[in-house]
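Each number in this note's numbering corresponds to the 1-based position in the sequence shown with 81 added.
Derived from the structure by calculation, the hints contain no laboratory data. This one's a predicted model, so the numbers in the text were calculated from it and none came from an experiment. One thing to keep in mind: the hints can contain errors.
As the list claims (entries may be wrong) - Calculated pairs, DSSO-like style, for lysine-lysine (alpha carbon to alpha carbon, straight line, at most 30 Å):
1) Lys219 with Lys272
2) Lys219 with Lys104
3) Lys164 with Lys230
4) Lys230 with Lys263
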Amino acid sequence: MKALLILALTGVFSLFAGLNASKRTVVQAIAATGLVLAFVATIWDRFWAAPFSIANMLTFDAYALSFGGVAILITLLIVLLGKSGYQGDADNFGDFAALLVFSLCGALCLFSFDNLIMLFLGIEILSIPLYVLAGTRKNDPSSNEAALKYFFMGAFATGILLFGITLIYGATASFSLAEISKVAGTPALLKVGILMTMIGLSFKVAAAPFHFWSPDVYEGSPNVVTLFMAAVVKVAGFGAFFRLFDLSFAQISGIWAPTLAVMALLTMTIGNITALFQNGFKRMLAYSSIAHAGYLLLGILACGSYGGGALLLYTFSYGVATVCAFAVYMVVAQQKPEENTTLIAFRGLGHRQPLGAFAMTLALLSMAGIPPLAGFFGKYFLFAQAFTDYSWLVIAAVVNSAISIVYYFRVIAEMYFKPVEESEPTPLSLPVIYRVVLVVGILLLLAISALSGTILNWVGE
Numbered sequence: 082m083k084a085l086l087i088l089a090l091t092g093v094f095s096l097f098a099g100l101n102a103s104k105r106t107v108v109q110a111i112a113a114t115g116l117v118l119a120f121v122a123t124i125w126d127r128f129w130a131a132p133f134s135i136a137n138m139l140t141f142d143a144y145a146l147s148f149g150g151v152a153i154l155i156t157l158l159i160v161l162l163g164k165s166g167y168q169g170d171a172d173n174f175g176d177f178a179a180l181l182v183f184s185l186c187g188a189l190c191l192f193s194f195d196n197l198i199m200l201f202l203g204i205e206i207l208s209i210p211l212y213v214l215a216g217t218r219k220n221d222p223s224s225n226e227a228a229l230k231y232f233f234m235g236a237f238a239t240g241i242l243l244f245g246i247t248l249i250y251g252a253t254a255s256f257s258l259a260e261i262s263k264v265a266g267t268p269a270l271l272k273v274g275i276l277m278t279m280i281g282l283s284f285k286v287a288a289a290p291f292h293f294w295s296p297d298v299y300e301g302s303p304n305v306v307t308l309f310m311a312a313v314v315k316v317a318g319f320g321a322f323f324r325l326f327d328l329s330f331a332q333i334s335g336i337w338a339p340t341l342a343v344m345a346l347l348t349m350t351i352g353n354i355t356a357l358f359q360n361g362f363k364r365m366l367a368y369s370s371i372a373h374a375g376y377l378l379l380g381i382l383a384c385g386s387y388g389g390g391a392l393l394l395y396t397f398s399y400g401v402a403t404v405c406a407f408a409v410y411m412v413v414a415q416q417k418p419e420e421n422t423t424l425i426a427f428r429g430l431g432h433r434q435p436l437g438a439f440a441m442t443l444a445l446l447s448m449a450g451i452p453p454l455a456g457f458f459g460k461y462f463l464f465a466q467a468f469t470d471y472s473w474l475v476i477a478a479v480v481n482s483a484i485s486i487v488y489y490f491r492v493i494a495e496m497y498f499k500p501v502e503e504s505e506p507t508p509l510s511l512p513v514i515y516r517v518v519l520v521v522g523i524l525l526l527l528a529i530s531a532l533s534g535t536i537l538n539w540v541g542e
């Protein structure tokens, strides 16, 4: 709760500080300071305070606080990149920082909701600022297209989600997760409501066959906004997904689990196969993100036991790796704008910017699940939790992970093994703040690998 209040105030202060366009550094400092304070408050509540609930609407337990800490930390790294990576009007940087922080508030609500009303409010608080941020580059048609598509698909998903919530209320006479879980039997109305709710959330996490908006929105949105969508929004969506289906619907998983298993298979397969044929980095990562959504759906199917811990470990490693990859991409895109959508832009990066190339390599190998990197442990524990009941799906996930290595190595090959033209500028300059973020990201990935067992237990059984 303290983190929510701190972030709300941080957003307001950032908004007012941004009234002076020349104070972008001040805005960034305010946003970063607020995020650090919110992170400290979250860690304090997680390890040194008892779980508590607010009016049966929000519950700040180990699950909510662990996921909240991850989301805040990733957002802090994104804000540090924001000043030089922001592509909108300089006059609106305060608005950008404020909207990013407000969107994070919605993510925290999704980790801690104990009521379907708060689920809806959390999704809207998360999504509405992003509709604006996606169109930050007002004179860029692709940015306007991304904002329009994201808004329409978001509105459509919200409508389906609300329809599902309405049907669940009609069947159970309650919005409370605790009360819904006590309902005897499985009325037809409840079954339809659960499936509609699942479809609505699937739109938000870009799970197939509801993923069509994702590549265009990722490609057209400003780079920093795309990074936030790929990292924080993904963590928030699956945090909400697991909380809802683990707390309320685990006992009746026979209703929704078969459908979700098929969606997981489609999502990871479509994402990986399509990513193989992409030449643009952002679009490739968009389809890669869809594939990761398929893997994460395994965490939803592995309700109970340490499924939540495995989901946390995976999203943590994926989020940090995404920040590292996008940080390098943003530097390359700024210095080679004519090639900023193709993999060729990374050619020779291993010679021209060793730190950036190393961070990119580490991030991509982690996403691919190469041992002993963080992504490997995330996939291992996630797949292990689901193997007992869904061995066929885990085998498919392993095959898909092998496929993903191909397109991740295309980028690595461009950086290290493709011939560089003599006219290429060398070295490629890397701003100090980017160096800081990359070093922190590398250290976090190594720490996640070393402490994977500890992180797995943060959520508890």
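We went through each hint and held it up to the structure:
Between the alpha carbons of Lys219 and Lys272 the distance comes to roughly 43 Å, so the proposed pair goes past 30 Å and is violated. A hinted pair counts as satisfied when its Cα atoms are at most 30 Å apart, and Lys219 with Lys104 qualifies at roughly 21 Å. For the given pair, Lys164 sits about 26 Å from Lys230 by alpha-carbon distance, which is consistent with the 30 Å threshold. Between Lys230 and Lys263 the alpha-carbon distance is near 39 Å, which puts this suggested pair outside the 30 Å criterion.
Comparing the model with each earlier hint shows violations of hints 1 and 4; every other hint is respected.
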